[in-house]
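Peer 1: Chains as they are written, first to last, in my numbering: chain E, 6 to 118; chain P, 222 to 329.
Hint data in this document are derived by calculation from the structure and do not stem from the laboratory. A few of these clues could be false.
In the PhoX-like style, the derived pairs of lysine-lysine whose C-alpha atoms are separated by at most 20 Å in a straight line are [to be verified]:
id : chain 1 : residue 1 : chain 2 : residue 2
1  : P       : Lys-263   : E       : Lys-31
2  : P       : Lys-266   : E       : Lys-31
3  : P       : Lys-266   : P       : Lys-300
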Amino acid sequence: DAGVTQSPTHLIKTRGQQVTLRCSPKSGHDTVSWYQQALGQGPQFIFQYYEEEERQRGNFPDRFSGHQFPNYSSELNVNALLLGDSALYLCASSGDRVEYGYTFGSGTRLTVV
Amino acid sequence: RKEVEQDPGPFNVPEGATVAFNCTYSNSASQSFFWYRQDCRKEPKLLMSVYSSGNEDGRFTAQLNRASQYISLLIRDSKLSDSATYLCVVTRGNQFYFGTGTSLTVIP
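Working from the sequences, and respecting the hints, build out all of it.
Peer 2: See the structure below:
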């Protein structure tokens with residue numbers, strides 16, 4: 006049973022560029038959430054997708070956008086990259102019972118130079 | 222005020238010691254509670270759920286006090302492999318809120 010898979014694992018971009026990160030949820034999960042984790046900090050909620058729609062959004066600018074596909078996989082897009090966007094981007098999937106917790110992917114480490 | 226607050230540590234303890242981590246949450250409507258473990262440069266992994274009645278998983282004991290909005294994790298007989306960051310997590314609706322994590326290093 007595949008867990009949550011994310012790609013790519015590492016990425017280096019320059020300021021002003023755009024990036025797309027991808028996530029496939031765990032089998033049986035229909036909800037995908039994206040988090041940004043800066044070094045030494047806890048994960049910060051970006052947004053959550055369910056039934057191909059953004060269901061909730063954290064305190065992130067519109068430069069951060071996403072999409073969910075009919076197969077529940079998801080993309081996170083970041084436009085006009087800033088140095089401060091350098092972080093580990095985590096995708097988490099869950100089913101209809103939040104009390105079972107999230108399953109995280111291994112993340113994409115984005116470095117903006 | 223932050224949704225979840227944790228003492229960031231670091232906690233440096235000898236093997237075999239007992240160590241306790243605490244966490245408070247700000248919103249009384251929070252519904253589910255978890256401890257996650259995160260190794261350096263890896264993703265968080267679910268350690269255990271936390272219930273008001275308290276729950277134990279081997280050397281790990283978690284406790285929730287809803288009245289005080291307080292969550293705890295106790296690790297007994299610490300092992301070198303317990304070295305990691307421990308994240309306190311609460312949920313409200315479909316959203317998970319993470320603390321900044323508490324760093325634990327178990328020393329030989």
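Peer 1: Of the numbered hints stated previously, which ones are contradicted by the structure, given in increasing order?
Peer 2: Hint check: nothing fails, all pass.
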